[in-house]
Amino acid sequence: MDLKKRVEQCLGPENLVVAMAECQGDLSVEVPKSSILDVMHLLRDTPGLGFNFLSDVFGVDNLDFNKSKKKPKEKTEEGEGVEEITTKESLPPRFEVVYLLLCLERNERLQVKVRVAEDDMEVDSLYSIWKAADWPEREAFDMYGIRFKGHPNLKRLLMWDDFPAYPLRKDYPLEGQGEERHLIYDD
Amino acid sequence: MDDWLVAIIKVVGIWVWVLLIAVVMTWVERRGAGLIQDRPGPNRAGPWGLFQPLADGIKLFTKEEIIPTKAQKFLYIIGPALFSLPAFSAYAVVPFGDKIILGGKEIILQVSDVNIGFLYILAIGSMAVYGVILGGWGSTNKYSILGGLRSTAQMVSYEVALGLALLAVVFVYGTFSLRDMSLAQQGTFLGFLPNWGIFKQPLGFILFIVAAYAEANRVPFDLPEAESEIVSGYHTEYGSMRLGLYLFGEYVNLVTISGVIVALYFGSWHLPYIDLGAYLGPISWGIVSFCIFFLKVSFFLWLFVWVRWTLPRFRYDQVMGLGWRGLIPLALFNIFITALFIQLTV
Amino acid sequence: MNQNLTPQTGHGTGDYVTVNIGPSHPAMHGTLRVIALTDGESLIKAEPEIGYLHRGVEKLGENLSYHQFIPITDRLNYCSAIPNNVSYEMAVEKLMGLEVPEKAQLIRVIMMELARIADHQVCVGILGVDLGAFTPFFYLIIQREEIYEIFEWFNGARLTNTFGRIGGVDADLPDDFEERWNELKPNVRKANEETEKLLTHNRIWMDRTIGVSAFSAEDALNWGFTGPCLRACGVKRDLRKDEPYCMYDKFDFEVPVGKNGDVFDRYIVRMIEMEQSIKIIDQAYKLYKEMPADAPLMARVPKVIKPPAGEVYSALESPNGELGFFIKSDGSANPYRIRIRPPCYMIYQAFPELVKGELIADLVACLSSLNVIAGELDR
Chain S
1 MDLKKRVEQC LGPENLVVAM AECQGDLSVE VPKSSILDVM HLLRDTPGLG
51 FNFLSDVFGV DNLDFNKSKK KPKEKTEEGE GVEEITTKES LPPRFEVVYL
101 LLCLERNERL QVKVRVAEDD MEVDSLYSIW KAADWPEREA FDMYGIRFKG
151 HPNLKRLLMW DDFPAYPLRK DYPLEGQGEE RHLIYDD
Chain F
188 MDDWLVAIIK VVGIWVWVLL IAVVMTWVER RGAGLIQDRP GPNRAGPWGL
238 FQPLADGIKL FTKEEIIPTK AQKFLYIIGP ALFSLPAFSA YAVVPFGDKI
288 ILGGKEIILQ VSDVNIGFLY ILAIGSMAVY GVILGGWGST NKYSILGGLR
338 STAQMVSYEV ALGLALLAVV FVYGTFSLRD MSLAQQGTFL GFLPNWGIFK
388 QPLGFILFIV AAYAEANRVP FDLPEAESEI VSGYHTEYGS MRLGLYLFGE
438 YVNLVTISGV IVALYFGSWH LPYIDLGAYL GPISWGIVSF CIFFLKVSFF
488 LWLFVWVRWT LPRFRYDQVM GLGWRGLIPL ALFNIFITAL FIQLTV
Chain Y
534 MNQNLTPQTG HGTGDYVTVN IGPSHPAMHG TLRVIALTDG ESLIKAEPEI
584 GYLHRGVEKL GENLSYHQFI PITDRLNYCS AIPNNVSYEM AVEKLMGLEV
634 PEKAQLIRVI MMELARIADH QVCVGILGVD LGAFTPFFYL IIQREEIYEI
684 FEWFNGARLT NTFGRIGGVD ADLPDDFEER WNELKPNVRK ANEETEKLLT
734 HNRIWMDRTI GVSAFSAEDA LNWGFTGPCL RACGVKRDLR KDEPYCMYDK
784 FDFEVPVGKN GDVFDRYIVR MIEMEQSIKI IDQAYKLYKE MPADAPLMAR
834 VPKVIKPPAG EVYSALESPN GELGFFIKSD GSANPYRIRI RPPCYMIYQA
884 FPELVKGELI ADLVACLSSL NVIAGELDR
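Protein chains in written order, with our numbering: chain S, 1 to 187; chain F, 188 to 533; chain Y, 534 to 912.
None of these hints come from the bench; they were simulated from the model. Any given hint could be a false lead.
Lysine-lysine pairs mimicking BS3-like chemistry, simulated, CA-CA at most 30 Å apart [unchecked claim]:
{"id": "1", "chain 1": "Y", "residue 1": "769", "chain 2": "S", "residue 2": "131"}
{"id": "2", "chain 1": "S", "residue 1": "155", "chain 2": "Y", "residue 2": "592"}
{"id": "3", "chain 1": "Y", "residue 1": "774", "chain 2": "S", "residue 2": "5"}
{"id": "4", "chain 1": "Y", "residue 1": "812", "chain 2": "Y", "residue 2": "723"}
{"id": "5", "chain 1": "Y", "residue 1": "812", "chain 2": "Y", "residue 2": "792"}
{"id": "6", "chain 1": "S", "residue 1": "131", "chain 2": "S", "residue 2": "149"}
{"id": "7", "chain 1": "F", "residue 1": "257", "chain 2": "Y", "residue 2": "578"}
{"id": "8", "chain 1": "Y", "residue 1": "836", "chain 2": "S", "residue 2": "170"}
{"id": "9", "chain 1": "S", "residue 1": "4", "chain 2": "Y", "residue 2": "769"}
{"id": "10", "chain 1": "S", "residue 1": "113", "chain 2": "Y", "residue 2": "774"}
{"id": "11", "chain 1": "S", "residue 1": "113", "chain 2": "Y", "residue 2": "592"}
{"id": "12", "chain 1": "S", "residue 1": "131", "chain 2": "Y", "residue 2": "774"}
{"id": "13", "chain 1": "S", "residue 1": "149", "chain 2": "Y", "residue 2": "592"}
{"id": "14", "chain 1": "Y", "residue 1": "812", "chain 2": "Y", "residue 2": "718"}
{"id": "15", "chain 1": "Y", "residue 1": "839", "chain 2": "S", "residue 2": "113"}
{"id": "16", "chain 1": "Y", "residue 1": "578", "chain 2": "S", "residue 2": "131"}
{"id": "17", "chain 1": "Y", "residue 1": "592", "chain 2": "S", "residue 2": "33"}
{"id": "18", "chain 1": "Y", "residue 1": "783", "chain 2": "Y", "residue 2": "822"}
{"id": "19", "chain 1": "Y", "residue 1": "889", "chain 2": "S", "residue 2": "155"}
{"id": "20", "chain 1": "Y", "residue 1": "592", "chain 2": "S", "residue 2": "170"}
Take the sequences, apply the hints, and build the full model.
As structure tokens, this is what we get:
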């Protein structure tokens, strides 16, 4: 049975699958943010899945992506709803956290995603399941400002401690001392 | 008056000579490393890079002397002096040849043949640790203090093994004078072996050489200056000629230790099976004995270089373990065997 | 006297000294920093502090075209740039659904394995230097230099190779590769042999490495270890075998595994892997020679790469472990998001666990045996 069906079988009954996508053989599952710990436990412990290795955790900022995705739609709708569509509410949450899982027995990989909205930037930390989440989660916090609940040592990792901005966000300027110019996140 | 003159000539002569060997040793060390490691080593200054030590000396002398603001000035300054002074004075009782007869006067080739020469070496040798610990402490740097502490612990521990190994030698020769010991090594032993200390004290020799490497802070016992762990240990904060004194003192120590090894265990100026003194005139024998002695010394100096570029470094607990659990019991055992043997044969 | 700097070596009394090691320190490769809390010589706690070489590679990637990012990947693991390049290229190829010609794959294999040898040589050599054995470093580094000669003559660069292109490789192996390789092979083997003679059965070396920073297999997997450090713990995992790419399934080679996951096992695993890499290169070159001379080296790739929107993750077995690239594309000429999964990043985060209760000297040994490269650690 292929991976997609198995994952569906495992997560589907408990309504834990928001969306599923496949790109060039890479399966990705989007799950609700609040139940990420349950999902990870299920994926790790269900026989037949056994994703027992956390390969990586990182954030993605969908600010521009959402825009560029919406644009062609605007055209098909003949100009009417330009403002409507680009308002915040209609867009999917700005950030996502991607977890790369690996099953060592069958060498299968799975991407698990959660969407993180700008007004609620807290995700449960996976540190209690995999210690490997330690630094990657710190880096996601460092670069995007996504906070991980339950992480034992959530400090900046690569930038220095009192760095005022989150540099991998899409609105962080490419030139100049961006963090000094106009970008001070105070959340 | 003549005696005074001879004494001064001997003191100055051997001082310059030891200094010269130490200078050449810095060159041998680096060229030797090059030879072992498949690379040229310093080869720009003069023929085969021979002037390299000179260039280094000029550099060290002309560099600005910096005293770190947080350092304790007095200790910081006195440290290198306390390290190199014992190194230079320890050679006083080590012979460097048999004797030479000039104008009917017999001159022994040794600065001073004191009858407690042996204890003098132990006493002066252990003085060097003050230079290290005070330098390390005075620098007020954590690496320096760690280096100083390591060095102190190591030197104090191996001093015991060193002393015990030497005690067995005293049993064998029944004297504390290094010249008398050297003289006793002429001829053969058991009919076919040269009458050298190493054949009478094989275990003692191994113990001595291991302890001596530790005393000299050489690889594999170079923890006080373990570069990869504590930067440069006790001389991290030193620069210019103060650093030079530390580095230089180390090579002078090597010369002294090699001299002691040769005098005690390797037949001093004697060649095996042949007594050249009987065939040569008094002056030429004096010169030849000097040459023989220093040929042997240079072998041990080379051994220091060879070992340095071959072995990895011990860890702190392993050094301590080797000293207290390995060398000291073995040295006591060696003393016991030696005493038993002497008791049964004499 | 300054109270902060007074040594306080109370055994178990709670009087500890904080020793700062790095970021500029002879034992720290690149710009790593460890803040160690010590009690005399033993470590109470050691916390790594990273980010001193952070250059914002991921941000750079978002603002460069797909081709332009290849030279940036050189700067990740600068001891072996070629696997970085290939890993990135493979990720883009996967995103575009490209099929790389076999000949190009073989050239990639040959070059990657050479890079693996060079990387392991540096790691083993530095491990020796950090434990006080200086000489093997020179034996190995001389041979690494010869490998770099081959890179230079193939790519024009020694360290930052910018090897290959998206969709294949840009140039064929030059004609005298066989000659050069046959000349190099015995020298590499000889240098390894000499190193083994100087180190492996050396009593001091064994005392310094066996049992030092040992790690169990479960812990290693939990912490996300990959590569030689994981194999030293006894887990037989090698992406070349488990998820074959670049025709690795056609080669016959062994995956060495250790037992205790200590410094000695990591060293031995690396030594054996070098020998296996030599075997792989021989086989790959044999296959390469069977290819027709005019076999294509590049897949059909448009001048401006605009992969379809999507997100892929592609990983390969770099000398340090699983080196993966996650690329999210929005269909434009620039990648939307590039995430690099560096192998030593995952390994180094377990550093406090690895050195718990060891001595300061072991900290240095452990660090060099992990082969932490600041370039890929900080990105």
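Holds or violated: residue 4 (chain S) with residue 769 (chain Y), Cα cutoff 30 Å?
Since the Cα atoms of residue 4 (chain S) and residue 769 (chain Y) sit roughly 27 Å apart, the hinted pair holds (cutoff 30 Å).
Taking 30 Å as the top limit, are the C-alpha atoms of residue 131 (chain S) and residue 774 (chain Y) close enough?
holds (26 Å)
Do the alpha carbons of residue 812 (chain Y) and residue 718 (chain Y) lie within 30 Å of each other, as the hint requires?
Status holds; Cα separation ~10 Å.
Restraint check for residue 155 (chain S) with residue 592 (chain Y), where alpha carbons must lie at most 30 Å apart:
Within the cut-off at roughly 20 Å; holds.
Has the given pair, residue 774 (chain Y) with residue 5 (chain S), been kept, meaning a C-alpha gap of at most 30 Å?
Holds. Residue 774 (chain Y) to residue 5 (chain S) sits at ~26 Å (cutoff 30 Å).
Is it true that the CA of residue 257 (chain F) sits at most 30 Å from the CA of residue 578 (chain Y)?
holds (27 Å)
Within a Cα-Cα threshold of 30 Å, do residue 149 (chain S) and residue 592 (chain Y) meet the stated pairing?
Status holds; Cα separation ~26 Å.
Decide if the proposed pair is consistent with the structure: residue 592 (chain Y) and residue 170 (chain S), CA atoms, cutoff 30 Å inclusive.
Between residue 592 (chain Y) and residue 170 (chain S) the Cα gap is close to 9 Å, so the pair holds against 30 Å.
Holds or violated: residue 578 (chain Y) to residue 131 (chain S), with C-alpha atoms at most 30 Å apart:
holds (18 Å)
Pair hint residue 812 (chain Y) and residue 792 (chain Y), alpha-carbon separation not exceeding 30 Å
Between residue 812 (chain Y) and residue 792 (chain Y) the Cα gap is close to 24 Å, so the pair holds against 30 Å.
Holds or violated: residue 889 (chain Y) and residue 155 (chain S), Cα atoms, limit 30 Å.
holds (21 Å)
For residue 836 (chain Y) and residue 170 (chain S), compute the direct alpha-carbon distance and say whether it is at most 30 Å.
At roughly 27 Å apart (the allowed maximum being 30 Å), residue 170 (chain S) and residue 836 (chain Y) satisfy the hint.
Figure legend: structure checked against the earlier numbered hints; every hint is met.
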